[in-house]
Structure formats: C-alpha cells, structure tokens
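Turn these sequences into a full structure, and let the hints guide you.
Those sequence lines, one after another, are chains W and V. Taking the working numbering, the leading residue of the first sequence gets 1, the next gets one more, and so forth. Taking the working numbering, the leading residue of the second sequence gets 1, the next gets one more, and so forth.
Worth flagging that the hints you see were computed from the coordinates, not collected in a lab. Just so you know, these numbers come straight off a predicted model, no measurement behind them. Heads up, some of the hints might be wrong.
Listed next, the in silico DSS-like pairs over lysine-lysine satisfying Cα-Cα at most 30 Å (straight line) [unchecked claim]:
no., chain 1, residue 1, chain 2, residue 2
1, W, Lys196, W, Lys235
2, V, Lys358, W, Lys100
3, W, Lys217, W, Lys196
4, W, Lys100, V, Lys305
5, V, Lys232, V, Lys305
6, V, Lys390, V, Lys358
7, V, Lys390, V, Lys313
8, V, Lys232, V, Lys390
9, V, Lys358, V, Lys313
10, V, Lys305, V, Lys358
11, W, Lys235, W, Lys217
12, W, Lys217, W, Lys232
13, W, Lys235, V, Lys313
14, W, Lys232, V, Lys358
15, W, Lys235, V, Lys358
Taking CB as the label site, the calculated pair distances span [to be verified]:
no., chain 1, residue 1, chain 2, residue 2, range
16, W, Gln182, V, His252, 27 to 35 Å
17, V, Thr223, W, Gly234, 31 to 39 Å
18, W, Arg17, V, Lys390, 42 to 50 Å
Using N, Cα and C, we set each Cβ at its ideal position, and we do this for glycine too.
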Amino acid sequence: MRTIIADDEYLGREKLRLFLQQEPEVEIVAECQNGVQTREALQNCAPDLLLLDIQMPDMDGFQVLGEADAEHMPIVIFTTAYDQYAVRAFEAHALDYLLKPFDQERLHDSLNRARAEFLTGRHRHITHRLLEFLDSSRSRQGNIMDRRLVLKTGGRVVFLNFEEIDWVEAAANYVRLNAGTQSFLLREGIGHVTEKLDPTQFIRIHRSTVVNVQKIKELQPVNSGEYIVVLKNGKELSCSRGYRLGLQRLIDGSL
Amino acid sequence: MATQVEARTPRHLKQRQMLTVNMDACAESSDATADAGNERERRTAISAVNHEDLPSIPRQWLVWALSFGIWTLISVVAGVTLYHIERSMGKPVSLLDELKSPLTTGFPYALVSPFVFAFSIRNPFQRANWKRVAAIQALGIAAMLGVHVLVRAAALPVWTGDGRVYAYSWNFQARILTVRWDLIRQLFLLNSVDDILEGYLPVVLIANALWYYQSFRSRERRTLQLETQLAKAHLETLRSQLQPHFLFNTLHSISALMMTDVRSADKMMTRLSDLLRMSLDNGGRQLTILQQEMEFVNAYLEIEKIRFADRLKIHVDIAPEVLDAEVPSLLLQPLVENAIRHGVARLSRQGEIHIAAKADSESLQIRIRDNGPGLEQGNVQVVGTHLGLKTTRERLRTLYGNQQTLEVRNVPGGGVEVSVRIPFRFVAMPALQAV
Chain W
1 MRTIIADDEY
11 LGREKLRLFL
21 QQEPEVEIVA
31 ECQNGVQTRE
41 ALQNCAPDLL
51 LLDIQMPDMD
61 GFQVLGEADA
71 EHMPIVIFTT
81 AYDQYAVRAF
91 EAHALDYLLK
101 PFDQERLHDS
111 LNRARAEFLT
121 GRHRHITHRL
131 LEFLDSSRSR
141 QGNIMDRRLV
151 LKTGGRVVFL
161 NFEEIDWVEA
171 AANYVRLNAG
181 TQSFLLREGI
191 GHVTEKLDPT
201 QFIRIHRSTV
211 VNVQKIKELQ
221 PVNSGEYIVV
231 LKNGKELSCS
241 RGYRLGLQRL
251 IDGSL
Chain V
1 MATQVEARTP
11 RHLKQRQMLT
21 VNMDACAESS
31 DATADAGNER
41 ERRTAISAVN
51 HEDLPSIPRQ
61 WLVWALSFGI
71 WTLISVVAGV
81 TLYHIERSMG
91 KPVSLLDELK
101 SPLTTGFPYA
111 LVSPFVFAFS
121 IRNPFQRANW
131 KRVAAIQALG
141 IAAMLGVHVL
151 VRAAALPVWT
161 GDGRVYAYSW
171 NFQARILTVR
181 WDLIRQLFLL
191 NSVDDILEGY
201 LPVVLIANAL
211 WYYQSFRSRE
221 RRTLQLETQL
231 AKAHLETLRS
241 QLQPHFLFNT
251 LHSISALMMT
261 DVRSADKMMT
271 RLSDLLRMSL
281 DNGGRQLTIL
291 QQEMEFVNAY
301 LEIEKIRFAD
311 RLKIHVDIAP
321 EVLDAEVPSL
331 LLQPLVENAI
341 RHGVARLSRQ
351 GEIHIAAKAD
361 SESLQIRIRD
371 NGPGLEQGNV
381 QVVGTHLGLK
391 TTRERLRTLY
401 GNQQTLEVRN
411 VPGGGVEVSV
421 RIPFRFVAMP
431 ALQAV
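In structure tokens:
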C-alpha cells in the first residue's frame with residue numbers, strides 16, 4: 001500500500017517511519033509537515049493509505065480531506081493525542097483512530113483493518129460519506145447506515161463493528177456489548193443501541209438482552225414455550241416469553 | 001443525573017446511601033443541594049429575625065379556614081355541652097340560646113387567630129429576642145381582648161343587678177352612643193383569663209411549635225449537606241495521594257527499560273498513557289463499577305508484566321454477576337501494586353497474583369493474594385499502617401462507615417492475602433465514558 005504520513009511534529013513522523021518499516025506491503029511515498037503539503041501529496045502521489053494528524057498548524061485534518069478529490073481518496077487513519085472532539089464526529093465515518101502514544105502493536109492492528117477495508121474496496125464509500133458529512137449540515141442520522149460503534153475503553157478508542165458483537169445486555173442505564181472474549185460498556189439505554197442495530201441481524205430476546213443472529217448456534221426449547229439461545233461461543237441466554245415472537249419468526253423464516 | 005440505588009440495600013444503610021449518592025452528584029458539579037425542594041419553601045415570606053432559611057408558612061386561606069373552622073367547632077361543642085348541662089338541671093333552655101355565648105366568643109377568636117398565627121410564626125420566641133416578642137404578644141392579647149369585648153358587648157346583654165343591659169347601645173334617632181363603662185370593665189375582667197388561656201396562647205404555641213419543628217428539619221438537612229461536602233473533600237485528599245505515586249514509579253521503570261529494551265519501554269509507555277486517560281476520564285468520581293475498575297487494574301498489570309516478564313503470573317477470577325457491582329474507583333490498583341511490590345518483587349522464583357471477587361446477598365468480597373514471603377509475625381500492624389493501606393482504610397470508612405472491612409493476613413503456605421469487603425450494590429453508572 002502506498003502510504004502518506006502527515007504530522008507536523010518531526011518525532012511523530014519519525015516514529016511512524018520506524019514502525020512502518022516493520023510492516024510488509026507498506027511503502028511510504030510521502031511525508032508531509034502541514035496541510036498544504038498533504039493536499040499536494042494527495043493529488044500527486046495517488047496513495048492508498050493516509051496517516052493523518054488531526055492537529056496541524058495551517059489547516060486541520062478535516063479541512064485537508066475536505067479539499068481532497070473524492071475519487072482518489074485513500075484510506076484514512078487519524079492520529080491524535082485527543083479523544084474528545086474527533087471521536088463523535090467520526091462515529092462510523094472514520095476508518096480508524098489511533099490515540100497517541102501508540103505502540104507498534106496498535107499500529108499493526110490498525111493497519112490490518114485498513115488492509116481489510118482496502119481489499120473490499122469499501123474505503124471509497126466510507127470516505128465519500130465522510131466528505132458528505134463534512135460538506136453538508138445534514139444530521140448524521142441521515143441516510144447513512146452505521147456499521148460501527150465508537151467506544152472508549154481501557155484508555156483507547158475502539159471501533160466495534162456490529163458484526164463483531166455477539167450479544168448485548170442492559171444494566172441500569174448502560175449496556176454491555178459482548179464481542180468474543182471482550183466486553184465493552186456503553187452509556188446508553190438498550191433501546192438506543194437497538195435502534196442502531198439492523199433489526200434483521202439483531203433480535204431482542206429479553207427485556208435486557210439483544211442477540212446477534214449470526215452468532216446463534218442453536219435454540220433449545222424449554223417447557224412453557226420459552227427458548228434457551230445458545231451462542232457459538234457457548235454462552236446460553238434465555239429468551240423470555242414476551243419476546244418469543246421475534247425468535248419464532250427467525251425460525252420460521254429460515255425453514 | 002440521578003443515581004439510583006436498588007432496593008436490595010437494608011434500610012439502615014439509607015443514610016450512607018444518601019451520602020454516596022450525593023457525592024457522585026457533587027462530583028459532577030451539578031447542583032450539590034440534596035434538598036428535594038419543598039415547594040412551599042420556595043414561596044416563603046418575610047425572613048425571620050435571624051435571616052435563616054425560613055420554614056414554610058402555610059397558605060393564608062388555609063390558616064383562615066382552619067381558624068374559623070376550628071373555633072366554630074369548639075364553640076358549637078361548648079354550646080351543645082352547656083345545653084345538655086342546663087337541660088339536665090331542668091332549665092328550659094333552647095339550643096340556640098346556649099350557642100349564642102360560645103359563638104360570640106368563638107367569632108372574635110376566629111377573627112384574631114390568623115393574625116396571631118401570622119405574627120407568631122414569623123416572630124417565634126427565641127433566646128435573642130424573647131422580650132421583644134413577648135411585649136408585642138402582650139399587645140396582641142390586649143387587642144384580642146378588645147375585639148372580644150367589642151363583639152360581645154354588641155351582641156349580648158350583660159347580667160347586672162338591673163337585669164340584662166347592653167354594655168353600649170346606639171340610639172338611632174337621638175344619635176347618641178351610650179356606653180356603660182362599668183359593664184365594659186366587667187366584661188374585660190370576666191373574659192380576660194379565658195381569652196388568654198383558651199384563645200390566644202394555643203395559637204401562639206402552635207405557631208411556635210411549627211416554626212421550631214421546621215427550623216429543626218432544615219438544620220438537619222443542612223447538616224447532612226455539610227457532612228456530605230466534608231466527606232467529599234476528605235475523599236478528594238485521600239484520592240490525590242494515590243495517583244502520582246504509581247505514575248512516577250512507572251515513569252522510572254520506563255526510563256530504565258528504555259536503555260535496554262526499547263520496544264518494551266514503548267509498550268509500557270502506551271499502557272501508562274492508557275491508565276492516565278482512564279483516570280482522567282473518570283473525572284474524580286469516587287465510585288465506579290467493578291468491570292471498569294478491573295480494566296484499570298489490567299492495564300496496570302500489563303505494565304508490570306513487562307517488567308517481570310515470566311516471573312509474574314496473574315490469575316483473575318471474577319464472578320460475572322459482580323461485574324456491575326459498585327466499587328470505589330482506584331481502590332484495587334494500589335492493593336495489587338502492594339501485592340506485587342512486597343510479594344512478587346522479592347521472589348526469585350515465579351510470583352503469582354490471584355485476584356478474586358464474589359458476592360453474597362449483602363456484601364462484595366474482593367481478595368488479592370500473592371505468594372511472596374508473607375508478613376513477618378507481629379508485623380501486621382506495620383503493613384496495616386503503610387501509606388497505601390492507610391488511605392484505603394480511611395476511604396472505605398468514610399464511604400461505608402462500619403459496613404466494610406479490610407483485612408491483611410498471611411496465607412498458609414506462604415504469601416499475603418488482602419481481603420476487602422464492602423456492601424454489594426448496583427449503582428447506575430455515572431462514571432462511564434460517554435462516547
């Protein structure tokens with residue numbers, strides 16, 4: 001992947017350079033110190049990947065992207081020391097978000113995700129949406145299908161794809177998203193989270209439980225018409241009678 | 001931001017709960033007043049003599065209605081009683097006759113009482129000004145007597161030697177007002193004691209009692225607020241002792257590691273910044289949930305694992321149902337740090353740290369065990385007053401009173417176990433990072 005590094009600090013660029021040398025397939029085609037240089041590099045170098053610092057002296061990262069050509073937009077990974085403002089703006093639009101300082105391992109994970117996006121070609125679509133967002137004052141809820149949630153956990157910013165979520169449980173006024181061996185806390189009501197989830201993929205089986213259909217291994221009927229939902233990872237959840245209908249439809253639909 | 005506490009906590013903990021709940025509210029720098037805002041208190045009238053929060057004064061129409069209602073009732077009862085007495089003595093009186101006198105008393109009472117009440121509740125008898133208030137009340141008594149005599153004299157004739165004579169009368173044609181002063185004086189004397197004891201004093205007493213009760217309640221409320229703020233401030237100082245300590249320790253480790261193993265130093269630095277971010281996000285809140293606290297501990301443990309490499313093994317056993325339990329923030333990390341520093345660091349063989357948490361219906365128990373050299377006999381006190389544990393103990397005491405324990409003891413087979421027991425609660429999460 002042809003890569004551009006953009007950071008106003010020399011040390012920041014140096015660190016990225018050192019780390020990227022360890023990454024196969026990554027070729028640094030340009031290093032930029034400010035917004036103007038970045039813009040020019042975007043136009044001239046046709047990069048696949050851009051590692052962009054949000055805070056640069058002349059214009060910030062968003063402005064740089066705003067002026068770039070949508071057709072030749074690379075995958076963008078933002079790097080910044082600040083988590084507050086950018087996170088909100090980039091929910092479901094940013095490709096990834098690295099909080100400084102980051103180590104080789106984190107950069108590597110990030111690059112893996114970028115590679116995956118690159119291969120599926122979705123990055124164009126996403127950054128296009130990003131530009132739409134930057135241009136228009138339309139509400140984010142517009143006509144964009146969010147595929148991710150943004151969470152802060154363990155001091156990092158995590159982008160959780162919906163498809164990675166196994167099941168969601170509610171507790172008091174926050175929800176716990178269970179994905180594989182990890183669980184993340186999100187401070188919203190389960191109703192809000194359910195709104196964002198695709199209803200054909202996520203089914204509510206209990207007042208405080210929502211399940212990703214893809215992760216269901218089997219359904220065990222229990223007497224009195226209830227079910228036990230067994231997930232692929234072995235977790236067992238109970239489906240309360242009130243929500244049985246959704247589950248029923250799922251079964252009927254797939255028969 | 002309402003923090004709700006589940007009903008599972010025993011009632012006698014309610015006081016402490018309020019303390020906890022209010023502190024979270026304080027930490028959010030929202031309105032620190034726990035006052036539920038008695039609506040009537042907002043509509044208070046003129047301030048009392050000492051300019052404190054004025055207790056609420058019942059609405060005017062209520063006072064008037066009560067005044068007339070009660071006095072009429074009393075008068076009617078008195079009249080009926082008199083009627084029955086007279087009847088039983090064989091006198092041929094009618095109920096109406098017997099009602100006249102009590103009602104003639106009751107009516108002035110009813111008229112004057114609201115004013116007496118209004119004055120009394122705004123000017124209660126207090127040590128500072130009782131003389132002044134007493135003087136004014138004396139005037140009030142005089143006024144009450146005056147009104148009573150006026151009404152009575154006009155309504156009813158007085159028994160005299162000459163028969164029944166009106167104390168004063170107005171001759172329409174001659175336009176002359178005849179006043180029998182001797183009769184007037186007689187009326188005064190006849191009724192003064194009754195008026196004072198039955199009509200005036202009860203109202204004054206009720207008003208004063210009401211004032212004192214409300215002022216007591218508001219003082220109680222204010223004391224609770226003060227206590228909460230004090231506890232919060234106290235906890236703040238305790239908290240601030242915890243952080244720089246491990247921060248500089250870790251920086252030192254990084255600076256050492258930097259010379260020999262750059263990658264590990266870099267990793268340690270990243271984890272440290274994670275820790276910093278987490279504690280900054282926490283925003284100085286006193287309480288968090290166990291899951292979040294464990295995230296913090298885990299980030300800390302990753303740093304230690306870099307330092308110790310294979311010499312450190314961590315076992316974590318947290319029952320899933322306690323992940324949402326309320327715990328003081330930054331409670332566990334210092335304890336784990338202690339276990340590593342005094343336990344594992346001194347070992348040449350592999351060190352192990354066990355962290356376990358479980359709960360029964362009443363309390364949450366967290367245990368941190370190491371397999372180090374253990375406490376020397378008789379040295380438990382020393383460890384107990386070690387800086388880290390001392391602040392932890394104080395903090396737990398401030399938060400939970402007697403409902404908590406912190407024990408440090410040797411484990412058979414070697415090592416030390418620190419065991420913390422606090423009330424098992426679920427609290428709606430104020431400390432979560434909102435993204």
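Outcome of the hint check:
1. Proximity of Lys196(W) to Lys235(W) is assessed by CA-CA distance (about 24 Å); at most 30 Å being required, the pair is judged to hold.
2. A distance of roughly 36 Å separates the Cα atoms of Lys358(V) and Lys100(W); the hinted pair therefore is violated under the 30 Å criterion.
3. The straight-line distance between the Cα atoms of Lys217(W) and Lys196(W) is roughly 24 Å, inside the 30 Å bound, and the hint therefore holds.
4. Our distance criterion of 30 Å between C-alpha atoms is met by Lys100(W) and Lys305(V), whose separation comes to about 22 Å.
5. Straight-line distance between C-alpha atoms of Lys232(V) and Lys305(V) comes to about 34 Å, which puts the hinted pair past the 30 Å bound.
6. Annotation: proposed proximity of Lys390(V) to Lys358(V) holds, straight-line Cα distance about 24 Å (limit 30 Å).
7. Taken as a hint, the Lys390(V) and Lys313(V) pair is honoured in the structure, with Cα atoms around 27 Å apart against an allowance of 30 Å.
8. For the hint pairing Lys232(V) with Lys390(V), the CA-to-CA distance comes to about 17 Å; that is within 30 Å, so the pair holds.
9. A distance of roughly 21 Å separates the Cα atoms of Lys358(V) and Lys313(V); the hinted pair therefore holds under the 30 Å criterion.
10. Distance hint between Lys305(V) and Lys358(V) is fulfilled; the C-alpha atoms sit about 25 Å from each other, no more than 30 Å.
11. A hinted pair counts as satisfied when its Cα atoms are at most 30 Å apart, and Lys235(W) with Lys217(W) qualifies at roughly 10 Å.
12. Proximity of Lys217(W) to Lys232(W) is assessed by CA-CA distance (about 5 Å); at most 30 Å being required, the pair is judged to hold.
13. Taking the CA atoms of Lys235(W) and Lys313(V), the gap is near 27 Å; set against the 30 Å cutoff, the hint holds.
14. Straight-line distance between C-alpha atoms of Lys232(W) and Lys358(V) comes to about 27 Å, which keeps the hinted pair within the 30 Å bound.
15. Between Lys235(W) and Lys358(V) the alpha-carbon distance is near 20 Å, which keeps this suggested pair within the 30 Å criterion.
16. A hinted range of 27 to 35 Å for the beta carbons of Gln182(W) and His252(V) is consistent with their spacing of about 31 Å.
17. The given range of 31 to 39 Å is broken by Thr223(V) and Gly234(W), whose C-beta atoms sit roughly 54 Å from each other.
18. Range check, Arg17(W) to Lys390(V): about 48 Å between beta-carbon atoms, so the 42 to 50 Å window is met.
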